[in-house]
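Student: Sequence:
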Amino acid sequence: LLSSERPLGLNNDELEQYEILLEDQAFPFEEKAIEFFEVNLSYIKDGLYDSWIQKSRHQLMILFPAKYQRQAKTDAYINVLH
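Going by this note's numbering, the sequence shown opens with residue 60, and the numbers climb by one from there.
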């Protein structure tokens, strides 16, 4: 929906409204996709990991970057005890 062609002859305000309507219509599909990808990703805890789980993770990074594109948090530590 979001990458579909836009009607010709719309002014800037009409085009903006059209895009808002498209986003509203696409939102439920995006939410459902995230839900399915997260279910697929949950199989990792059962020791499963295959190309489909990898693809699900990749799609989640695109659809929900705030949650799935985070860098791992590492803390500095001292490795030598005196």
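The hints are simulated quantities; they were obtained by calculation from the structure and are not laboratory data.
Bear in mind the structure is a predicted one, so any value in this text is a computation, not a measurement.
By construction, the Cβ of each residue, glycine as well, lies at the ideal position given by its N, Cα and C atoms.
Some hints here could point you the wrong way.
[What the hints assert, rightly or not] Pairs of lysine-lysine, BS3-like flavour, derived with a Cα cap of 27 Å:
1) K114 <-> K132
2) K104 <-> K91
3) K104 <-> K132
4) K126 <-> K114
5) K91 <-> K126
6) K91 <-> K114
7) K104 <-> K114
[Stated by the list, open to error] Distance windows between CB atoms, simulated:
8) R129 <-> E94: 25 to 33 Å
9) V139 <-> A92: 44 to 52 Å
10) Q128 <-> E64: 44 to 52 Å
11) G68 <-> Q113: 15 to 23 Å
12) N138 <-> I79: 20 to 28 Å
13) Y77 <-> S110: 19 to 27 Å
14) E75 <-> A135: 22 to 30 Å
15) I112 <-> S63: 28 to 36 Å
Student: For a quick check of understanding: which of the numbered hints are violated here, in increasing order?
Tutor: 8, 10, 11, 12, 13, 14
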